[in-house]
Amino acid sequence: MGHHFQLAASLSYSLPKGFYLGNYKYALEISNIPRAFFNSVIVAFSTLTLEVALACPVAFAMGKLNFRFKNQLMSFFLMGMMIPTFVCLIPMFRIYNAAGLRNTYLALILPQVGFGLPLSIYMYTSFLDFIPNSLLEAAWIDGANAFQIFLKVVLPMMKNTTITVITFKFIYVWNEFTYANTFMTGKQMKTLPITLKDFAGEFGMVNWGATYAAITMAILPTLIVYFFLSKNVIEGMALGAVKS
Amino acid sequence: MRTGNKFTPWLFSLPALTVYIIIVLVPVIWTLGLSTVDWNGITKMSFTGLSNYRKMFKDPTFKAAVLNNLRFTLISTAYQYIIGLSMAILLNSITRGKNILKVIYFIPCIIATVALSQIFIKLLALEPKGVFNVVISALGFTPKSFLGNPSTSLVTLAVVDGYKYCGIYMVIFYSALVAVSQDVVEAAYIDGCGWFQQYRYIKIPMIRGVSTVVLVMLINGTLKSFEMPYILTNGGPGTSSEMAATYMYKSAFSSMRYGYSSAIAVFLLCECLIAVTLLRKFMPKGESE
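Just so you know, the sequences run in chain order S and F.
Heads up, the first sequence is in the working numbering, so the first residue is 36 and it goes up one at a time.
Heads up, the second sequence is in the working numbering, so the first residue is 541 and it goes up one at a time.
It should be emphasised that the hints constitute simulated quantities derived from the structure, not laboratory data.
Each statement offered as a hint is correct.
Some, not all, of what chain F presents toward chain S, calculated at C-beta under 8 Å:
hint: 1; residue: Thr-571
hint: 2; residue: Ile-650
hint: 3; residue: Lys-662
hint: 4; residue: Val-753
hint: 5; residue: Met-757
hint: 6; residue: Phe-766
hint: 7; residue: Ser-801
hint: 8; residue: Leu-813
Examples of chain F residues toward chain S, derived with CB under 8 Å:
hint: 9; residue: Pro-549
hint: 10; residue: Tyr-560
hint: 11; residue: Leu-574
hint: 12; residue: Gln-658
hint: 13; residue: Ile-708
hint: 14; residue: Tyr-789
hint: 15; residue: Ala-792
hint: 16; residue: Tyr-798
Distance windows between CB atoms, simulated:
hint: 17; chain 1: F; residue 1: Leu-755; chain 2: S; residue 2: Val-76; range: 33 to 39 Å
hint: 18; chain 1: F; residue 1: Phe-822; chain 2: S; residue 2: Glu-172; range: 43 to 49 Å
hint: 19; chain 1: S; residue 1: Asn-168; chain 2: F; residue 2: Leu-554; range: 19 to 25 Å
hint: 20; chain 1: S; residue 1: Val-277; chain 2: F; residue 2: Phe-736; range: 25 to 31 Å
hint: 21; chain 1: F; residue 1: Leu-554; chain 2: S; residue 2: Val-277; range: 26 to 32 Å
hint: 22; chain 1: F; residue 1: Lys-684; chain 2: S; residue 2: Ser-110; range: 46 to 52 Å
hint: 23; chain 1: F; residue 1: Leu-641; chain 2: S; residue 2: Gln-223; range: 38 to 44 Å
hint: 24; chain 1: F; residue 1: Leu-679; chain 2: S; residue 2: Ser-161; range: 45 to 51 Å
hint: 25; chain 1: F; residue 1: Lys-584; chain 2: S; residue 2: Leu-56; range: 54 to 60 Å
hint: 26; chain 1: F; residue 1: Thr-583; chain 2: S; residue 2: Phe-104; range: 41 to 47 Å
hint: 27; chain 1: F; residue 1: Asn-774; chain 2: S; residue 2: Val-277; range: 27 to 33 Å
hint: 28; chain 1: F; residue 1: Leu-610; chain 2: S; residue 2: Asn-168; range: 45 to 51 Å
hint: 29; chain 1: S; residue 1: Arg-103; chain 2: F; residue 2: Leu-755; range: 32 to 38 Å
Treat the numbers as computed from the prediction; the structure is a model and nothing was measured.
All C-beta atoms, glycine included, are put in the ideal place defined by N, C-alpha and C.
Could you put together the complete structure from these sequences and hints?
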């Protein structure tokens, strides 16, 4: 421990004295980080899956099917992007409390899906504009109904957009702080950002090495996703920012 | 495209619509209603009409928060606009390494606010001296506790916030600069236009539309800012970096004043809507992205 603190004290402005994985070991043992990591993964996976599953059909309906309230529906969804997320925090808190959803994964999945839907829908509908109607008409003439056209023709074509949506939304969901901070108070249910904040609060002043290890572990997944798919992430986030 | 069944589109839309209404619409309307009551979550709710709003406008902390918010918006917007534009111009002017620079400069955007805050708290600390203060001392200035000092906390917060997000605006400006028609620039070169002049007289005026959009985005975004102020300084020390959003959060979840904080939330919502509407009306419109 003595050697460890010595290292931490000089870390402020000197190069590390060599690879010291002990910080990582210490951080993993002493804190809730493994569990928090697991929680973040579950929330991210569920949120992204649900959002894509909900956004694709709506986008198809608005982009390719003809119905009367198409434009109003689109504006209705886009309106949601103007609303800052914390405006709804208090009622959500009450609703989730009453429904027994606080400290469950749903409390994080639902708001993120709900508020993320407008942007996803917008991205899918924009993409659908590029698919020529003639393709769909051909399938129509062959006797396919709307569901089959959606599943067999449109959905496979939306793969690229889906990848873009998933990659940049993953960054948002993984880093999400506000909802997790408000709805998750049980230690076992906290996600990575909250746990990181707690960890830094507890050990930040005392154990710089472990704190930095914890920070690195927290940002590693997003960095990995980013380095492999940076184009998608940048595109998606820039578009997301412009639209809101 | 025709549909056989009139209800098919609605079938496709129903799941998303239901989720959206329950999660977004209902709470917003509820918040509006909550802002007119006095409630601490335990005792009975009592309808108080607009008194929450009256209390709000007399509240010194609230007034300080709104003022801080405006100052924060000003500083952070200017920072992100200028740096974003400069970086975009730089990207546009170099011939190699564009992608690498773009990727590197965008990294702060994807790092969790929590993580970034921790890094900066350490960097700007006074005891033990963070890297930043060490450099400052070496240069002969007196080191300061940037985040712990009421007079510097807001500016520091604005700069850190700007640091995180300016990558997005760099990307946006860069896309716009790239889209400027090369013919005009080439014609100008033939007429003897230099590097600096091409930007001053041609490219920047031609991206005026995007500039406006960026400005709207920045002001809208910084007015609503919550995570960075909450995590980095938590409004402190004192109320020197309190934002409207953090004050709302604290009133709701620390002080349990649900009605009052809902009023603040509604105020924020209106403030953003008004700001965006005014900006869109008074700014010159070019081609939007």
